[in-house]
Structures are given as structure tokens and as C-alpha cells.
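Take a look at the letters that make up each chain.
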Amino acid sequence: MQRRVFLASMLAVVVLGALVTRVIQNQYYYFAAYVILQYVVLATAWNILGGYTGYVNFGSAAFFALGAYTSVVLIKAAAAPLVVLVVAGGLVSGLLGLGIGYLTLRLRGVFFAIATLALAVVLQTMFINWEYVGGARGIYIIRPKTVPFFTSYVEFLFAVMVVLAVVAVTVAWWIENSRVGRGLAAIRDNEEAAECMGVPTLKLKLVATTVSGVLMGVAGAPFPYYVTYVEPSSAFNLDYAVNSLAMPMIGGTTTWAGPVLGAVLLGTAQQVATVTISSALNLLIVGIILVAFVILAPEGIIGLVRRVTKGKRG
Amino acid sequence: MFSVDLLLNAIIAGILLGGFYAAVSLGISVAFGLLDVVNIAHPVFVILGSYAAYAMNTSLGLDPIVAGLLFTPVFFALGVAVYRIYYNSFEKKGEESLRGLVFFFGILFIVEVVLLLQYGVDYRLVEAAYIGESVHIGPVGIAFRLLVPCLVGMGLTLALYLFLSKTFYGRAIQAVAQDSLALRLMGANPIRIKTLAFGLAIATASLAGALLIMIGPVEPSMNREYIGRVFAIAVLGGLGNIGGTFVAALILGVVESLTSTFYGPSWALAVSFGVLLLTLAVRPAGLFGR
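Sequences listed follow chains A and B, in order.
The C-terminal residue of the first sequence carries number 1385 in the numbering used here, and the numbering is unbroken.
The C-terminal residue of the second sequence carries number 1069 in the numbering used here, and the numbering is unbroken.
Source of the hints: derived by calculation from the structure; they are not laboratory data.
Since the structure is predicted, the reported quantities are computational estimates derived from the model, not experimental observations.
No incorrect hints appear here.
In the DSS-like style, the derived pairs of lysine-lysine whose C-alpha atoms are separated by at most 30 Å in a straight line are:
#	chain 1	residue 1	chain 2	residue 2
1	A	K1147	A	K1216
2	B	K872	A	K1381
3	A	K1381	B	K871
Starting from the given sequences, assemble the full structure and let the hints guide the process.
Here it is, written out as C-alpha cells:
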């Protein structure tokens, strides 16, 4: 896609998001849209490492929760404004991302994936035992009463998430169309060969894990204000890990549009199912769709569409 | 706070726990170690085994171990079915590593949610005459709810070890792990052998699940705690090494028991995952690696 067209459409999304807050009054839509946009960020972040580079991260929940808990600490200690929370959450999770980046030196493929899962549990245990942020009981967070330009705080959070989603997608799009993206694709296809051809594999992997970590932390940073009650088992929920890898898998992992498509489709379906059926059943649907897609359509929806259009031309 | 009695009790409890951990990890040692199938859904099959034992125990009053043994063929069939799907969708096309991993992650999630829908988030437990009993040797108390799982775990380890080293099929499984092409040239079908081995790996989950619910109450999302444990044990023991797996299970059991006695139970889980991370980073071949 042309650079100008892409950037213009991203800008259009932000403007549209701002306009929406002037029109829609029903608060439920903001709650639902926030979750879907949060998944757009998480899925895009996961895909930078999982889809572009080929390193599967099962610990998305750890990065997300680290962002959320960084916010909790800053709210409790300094009553910091949301902008600071987002930046700080991104930084802390980015550091963790850099850490797992160095892990890729020794661990490849499945061992890396298992290590990220282990990392999530170790971090969760640490937060369970950390009394300052509420320990296992959890902690209540009080939202600021008013916020300028918005009629309610949820509308404000929604607007923030629109911006974050646009930033995440733009970053993914930029990586995909730059030398970095081609280097990552080389690592995904054959790491040894890439190394031999002079691709700076470690540097690129560190970029991928760090950027992915930053974006996940950023997605988690507004979480305490959204739920107003944070506890380890909800912040570290396995649903985040499953969804943030299921969405790109279902949408398609090779382009930025895949995770967005997956997140919007699956996220909306889950929101509808939670309201109309039950929240446990909607998770079952996610699981079944995920398994069906890895078996039947490994390239995701984007891949299916490509296959169909190619078939017509040929 | 610190006393010799406490230390002794913690070590004994750890060894007993370790015997049980061996039972849970054997399936991973076979599937991951020998077959290169990264079945991260193994712990969820163990939980499924727990619920099977629970259902039999509450409806028919069946002993959990008997129930576990009865369900072994069912789990074997389940394993065979899962492997068939896995083989046809991933292994045959050579895409097994990452997509296969996601496939098992999806299975884990599906089984967990099905159990959740069926039984809810409440903790379930089984009843048998001997579960509450214990014997005392000097200052050390041995609870039967830990002793029985440990003994059964040891028996299972021994049985699997003998099967793999002494019988024709067992040796064929070891052979397929080393060189499946050579096996094919010798006139054996590696896929059939692998299907058998994977079925066997899942079959151990039935008995392991029965032991798990005997040790303590069970709820569907518990499988996640065991993902770290079983992989830590399988990797630490050296992949595919049954004896090594047993020793690693005892080590992890003792370390966890000491942690929970002297630092509090909420830290015990971090230990197993810490061991896993450390082993992966320092010596991926494990203590007894090939």
C-alpha cells in the first residue's frame, strides 16, 4: 500500500474515533470498543515477534500485566497522569522484551515458547506476593472524576486506545515495509542462513522483542483505570495470551492487516457472545476457531482471500 | 522457626510429591523427549483424568486409582486420535514446530473451558477410606494421600521403563526417536509406532490425574501450574530419559517442598518455573542429557 494512503487512513481512524465520542451516548459501546482496540494492540504486538520473526510468545499476559501493574504503582505512589502511565508501562514491558530478546540467543523454537510461558507464571507469583500492589487480594483504583473534552472517563479511555491502536498498527506497517521487516522475515525463514548472509540477527531480534514488549505494556497501562480493580489472576489471564496469538493466526500473520482483522472479528464476536450467551462459552468458541484455523487455513483469512483471488486470475 | 523435624518432614513430603510429579511428567518425557511432539496440552489431559476419577468416585463410589486404570484405554484412544490429527495436519507437511504448538495450545484451552462449563470453577475432590490416614515414624508424619500417589508413580515409572527397554514395541519407540528412516528401512512403520507411543503418553495422564485429585482438590485451570513443572522435569531429566525424569521429579519435589515450608506455599510454583528457565538457559540437555 502507498505510504500516503496508509497514513491518511490511519489519521482518518483517529478523527473518526474523536467524532464517535460526540455522537454515541450509550456507554456500553465504549466499554466494548475499548476491549476490541486493546486486542488490536496486543495482536499487532504479538505479530511483530510471532508473525514477522517466527518466535512464538505464550507470555503476552505477562507483558500486558507488567504495563498494568506499572500503572498501579505510579497511581498509588504519585497519582501520575495517564500519559505518564502509558509511557512508563511501555518502558518497563519493553525492558522485559529486551530481556527475552537475549533469551533467543540460547532458546529457539519451542523452547523459547515454553520459556515465555514460564516467565508469565514467575512474574505472576511475584505480583501475588507483592503486598504494595495488593498481593493476591487485588487493589482498587479510583478514576479521576472529570477529564477535559470528554463527557465520561470511559470515553476518554476509548479515545486513548484508538490512538494507541493506530500507533501500534503504524509501527507494524513501518517495520513490515522497511529493512528491519525484511531482516525479520529472513530470520523467520531460516535463522542460520540469515546470519550467514550478514543479517544482524541478534540486533533485529532485540528490536522485535522490545517493540513487541513496549506495545503490549502500552496496551496494559490504561487497564487499571478501565477495570478499576486489579488482581493478578485477571491481569495475567491466559485469555490475553490465547487471544493475542489466536487473532493474528486467524487473520493472517504476514501482514499488519491480519492481526487487525483477527482482533476486530474475534474481539467483536467475543463481545457479542459475552452479552448474548456466556463468557465461558465465548472462550470455547475462540479455542475451536483457533484450532480449526491452524489445521485448515494456516495462512489465516488474508491468506484465504489471496488464494481465492489468485485462483480467479489464474 | 527452623527445626530439624520441620526440615525432615519437608524433605520426606518433597520426595513423596516428587514420585507423583514423575507420574505427571512421564507422558511429556515420551511425547516431547522421544517423539518431538511438543504436547503442552499434556497437563490438561491430566486434569481431565482427575475429573474422570472424580465422576466415577462420586457416582459409583469407585476408588480413584481403579477409576484411573479403567480410563487408561479411553485416554489411549484419545491420544491416538489427537496424534492422527496432529500428524495429518502438521507433521506430514513438515510444519509441526510452531503451528503444532499453537494447535496444542488451542486443545489445552478447549479442554479447560469444556471442564469449566461442565463443572464450574469449584474445587473438586475424591473420597476413599485411606486418603485421610497417615503413619508416623519418629517425628516424621507420612500422609497416605501423598504416599499412595508416590508409590503408584514409582510403579508407573518402572512399568514404562521396562516396557521401553525390554519389549519389542518399546524398543521400536526408542528407535523411532533415534532414526525413523532407519526404522522404515527395517520394515517397520514409524507412524504406527509414533501413534502407539503418543497414545501411551496420554494414557499415563489418566492415572496421573487420579493421583492428582487424591493429593488435593482440583479445578480446571490448575493445568497451567503443571505446564512449567512437567517441562522443567522433562528437560531437567534429559529429554526422553525415563530414569532421569524420575530423578528430576524427586529433585523438583524436594526443592518445592522446602520452599513452601520455609518461604510459604505461594512461592513454590515460582521455583519450578525458575528451575525451568535456568535449565533452559544454562543446560538445555538436562542433567542426564544424551
